[in-house]
Every structure is written in structure tokens, then in C-alpha cells.
Amino acid sequence: MDEMDPRDRINAAIALQPVDRAPLIPMMDIFSPRFEGVKMSAMINDLDLARDTLIKGFDDLGGWDATFLAGGLVTNIGWGNFGMASKLPGYQLGDDDLWQLDEKEIMKVEDYDFVIQNGWNAYLGLAYPRVGAPCDPALFFPRLGEIAAHGVKDTLIWEAKGVSVFAGFGPNPPFESVTFTRSLKETIADVYRRPDKLEAALDAIQAEQVPFMVGGMLAVKQATKWGNKVAFIGATRAPFLSPPNFERFFWKYLKSMVDQILAAGITPMLHFDSVWDRYLEKFLELPKGQVLLELDSTTNIFKAKEILKGHMCLMGDVPASLLKLGTPEQVTAYVKKLIDVVGEGGGFILSTGCDCPIDAKPENVKAMLETGKTYNPHHKVF
Amino acid sequence: MSDALAIAISDLDEDQANKLVQERLAAGTNPQDILASCRDGMELVGKRYEAGEYFVSELIMAGEMFKQTNALLAPHFAAGGGATKGKVVIGTVKGDIHDIGKDLVVGMLKAGGFEVIDLGVDVPKEKFVDMVKESGAKVVGLSGLLTISFDSMKETVAALKAAGLPVKVMVGGGPLTEQVREYVGADALGADAQVAVRLANQWM
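Heads up: the protein sequence lines correspond to chains A and B, in order.
Under our numbering, think of the first position of the first sequence as 1, with each following residue one higher.
Under our numbering, think of the first position of the second sequence as 383, with each following residue one higher.
With the rest of the complex left out, here is chain A (with noise of 0.2 Å):
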């Protein structure tokens, strides 16, 4: 098979069609100001350098098919963090200190009413100031219409270089949002004291959230080339409800979600951390070769293609343990293990399991871009 195009690769992965390799899309946001010596309270400050950083990681490292994001996701999450109180390098942690989310229950019971009356823009409203500092809104507001310029202008920028921009941010799953700014506790208790509450808020978030996130999407996409093809949906503690509570307040969210977007001509990417193991037949029920679901190494992938071939993309999940204590053999042998088993057929994107660390060895990254980029075994299959 000749060479592919690396849009043709990653477009035909997610259909199912054959590839002459994997695409290697691997998430680089916290492991490339590290290694190109930019400290991350500088990636959180000025959005031009948090871009630049990561193109110049880039290039240092060789290139791979794609760009993850456009710029750093350090800076919006540093920025727009759903509500959600947060521990920021610069602010509350040292210079260089990798941000961390800090679970609160910042959104209170009484909250549920104002979210369902006036929708959940509203309430970040209400919620950014008692997050607190860095999220003063005098500050937020301004910074939150600067992230989505740069949208539009870091995605040409990448453009411009030849290199696409693989994921733009799509709506969030209301149950995860929830959790976010009212904690996990607070929230699975909810669910068992407050269901119905609960769900008439999850059922306003979505009709406020999808056309909302959908729409800013849309319009990156339509000002550039290749930009936002792909909605980042993440999802980290819907797999905690058990079966009739996952379906009630998260699958039917997810499943209307992902018609929406398609809907849109933008590709879902479900980026779900932790262990999805026990509802990996539920993925059956999405539309074949047009989602892709991207796993962090704690769910068993090479389970998931089991279940899921020949029914949906998969992406993932070099270890974030592997690429901070494993050698650059042991990188290697894992990456030809998914290459083998997961990329088997096709409908199979390498990348690294949720962010390569911000410590991750560069001679373990290395060799997962130069296995990745060179080992291929099925390009003769097809």
C-alpha cells in the first residue's frame, strides 16, 4: 500500500478502511513544555507561547499525524475549568507544578433549581466566584473570549505548517459536569436522594450544552481547513453507576449527544479515562465506523477491541507508568503489542493513554513515536 496522506490515515482509521500504518496522534500538552524547558505557569499565562511550545515540541520530536490540540489544554482547563475549583501553577502551586483540579462542592443542592431554570452558562456564572482566585471573573470572562479566538488562530497556525489539528472541544456528558463542580460524593448521592432532581438539571444542561459546544465548533471548522473534524467528549465517573443509573443519567446524554454531533459532520471522540470495562457491549449501541473511543490504559483495551471489532475506532493508551518508569525497550515491545492486537484490521489510532506525563523518560516518547511512525505489519494485509 503506498503511502497515505496523514488525513486520508486518520480518516480511514475511523471508518474502518484500510491504513498503511496506524495514526500516531499522541496528547503532548504537559509532557512538551517540560521538555522544551517552558515552565508550565507560563503555559497557562500566554496562550501564543503555550501554541508555539507545543509546535516546537513537535518538530523537536519528529512530527506524528496530527497535533492533539491546538494549543495547550493546561490553559483551558487552567481557564475554563467547568466550575471547578482548581489548584494553578503560578497561582497556588509552584512555577513549574503540573495543575491539578481540587474536588469541592462548589454548586450546593439549591443550585439545582437555578441550573434548571436558567441553564448551566448561568450557573458558571454564579459558580466562578466562588471558585476563587486565579477564576476571578474580572479576569475569567476576558480570558474565556481570548481561548476561543485562538481557537480559530492557533489552528491555522498549524495549518500553516501542513499539520492538522486532530480534536476541538465538544459538549461535556451532563453527569460529568455535574460532578465536576458539585464533587463526585455529592453527586452519587444525589442520585440516590434527589434522582428525579438530578435528571430534570442533566436534561437541561444538554439542551443548553449541545447546540452550545456544537456551534463554537462549527465555527472553527468553517474558518479553516482541517480543523475541529473531531469533538472531545471526556468522561471519567459515569463507569461508577452501577447498570440502570449509568443508562438514566449518562448513556441516553451520551447516545443524543453523539447524534447531535454527527448530525454537525463532526466526528465524537470519546476520551474516557478510567475503567470502562463492564459497559464496553453498551459502545455496540453507537453508530458503526463514525465514533471513536479513546481509552487511558486503565480499561483493558485489547478487551475492547475484542468487543468492539469492526464496530469502532479505538485510540489509545500507551501507560502514563510505562513512559515515566519503563525502558525505552518495554515502550517499544507495548506499542508493537497494540500495533499487533488493537491496530489488527484496522480501526486503530496509537496515541498515549490519557496526557503523557509531564515526567514521562524522553527516551521512552521517543521510542513510542519511532515504534509508532515505522512498525507496521498490516500495511501488506490490506
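Worth double-checking, as some hints may not be accurate.
If we take Cβ atoms under 7 Å as the criterion, some of the chain A residues that face chain B in the derived model are [stated by the list, open to error]: (1) Lys185; (2) Ser242; (3) Pro244; (4) Asp359.
Just so you know, the hints here were simulated from the structure itself, not pulled from any lab data.
The beta-carbon is built from N, C-alpha and C at its ideal position, and this holds for glycine as well.
Fit chain B to the supplied structure of chain A, relying on the hints for placement.
Quick look at chain B alone, frame taken from chain A:
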């Protein structure tokens, strides 16, 4: 099981569990016996989790309920609260502030009859050493979600060893693997809260 309080807890019936604790206290039942009923209920929750009937959300809710019933019982216990199986010092290590996994383990250990000294999050190694010395705990639990926590865990284990403390150390958290346990030098890796309880039982 025929104990209505244990059944209420195991079925996650919060109102019924609180009501039964209050009724039994009012009727003059020994608070230790009421606590034992609550623990029986929690044990059943753990068994249902291991059998795949319950998920993490049920462990979280049961932990919340057990905390409430304990709060109702607390004023009725003499200082010290009676005998426990032993002491466990636990915390999320320095540089990491994630506490969901740690809190789950704390809840299940308490329900399992252990006295748990929870040091919270972002805990420096010195604090673990000091608390083990002060309490005489035999077991230490270290939690972390980020890769940066691996180094803090390693330093904490080394500090406990350097202080000559005869403790067993278990580690847990999302990205932890056997490779991490080995790097850190811990005695065991706890894949979930039930494993943590089993380890603590073995080590006491």
C-alpha cells in the same frame, strides 16, 4: 441476614438506616451492638461489590451512610470508642490532591473495624513518619493519581524504612501498576478498596 439495620445499610436505604439507629439508641441498645449491625451491612456491601452486583457508586453511598450512622453513635461511646482491629495511617502523598480513591478506602477500612488516621492530601513524608511513630500503626496506605506521586511514594517508603518503623505499606490509585509498586518499594498494590481491607486484615 435478618438484622433490619444491616439490611437497610446493605440496600442503601439511608432514611431507614438512620431511623433504626435512633430507635435502637432510644430503646437502650448497646451502641457497640448497633455499630456491629452497621458493620455487617457494610460487609455485605463489600461482598456485593466483589460479586459485581454493586459498583463504585454504591461503595461511595454506603460510605456516606456509615459516616452518618457513626455520627449518631459517637456521642454514646466512651472516649476511644472501644476496641478496633488495629490502626492504619493513610493519605494522598505530597504533590497530589486527589482524594476520591483514598476516601473510599478510608470508609471501607473503618467499616471493616480499623481505626483509620486520615492525613488528608498533599501529605509530606515526614508527616507519615511522625504519625506512625505517634500512633504505633502497623499499616500505612499511600494514595496518588498522578505520575508525580510515584516519586513521593518512593520517598515516603524510604523515610519509613530509614526511621526503622515496622510497618507494611500498601499503595493505590488509578495509574498504579505492579511496576509502580516495585519502583516505590511498597509491600502491596491495592487494586480497589476491598483489596485494601483484605491487606490490612492480613497484616494486623
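Here's how the hints hold up against the structure:
1. Lys185: With Cβ-Cβ at 6 Å, under 7 Å, it holds.
2. Ser242: Status holds, d = 4 Å.
3. Pro244: violated, 11 Å
4. Asp359: OK, holds: A/Asp359 within 7 Å of chain B, min 6 Å.
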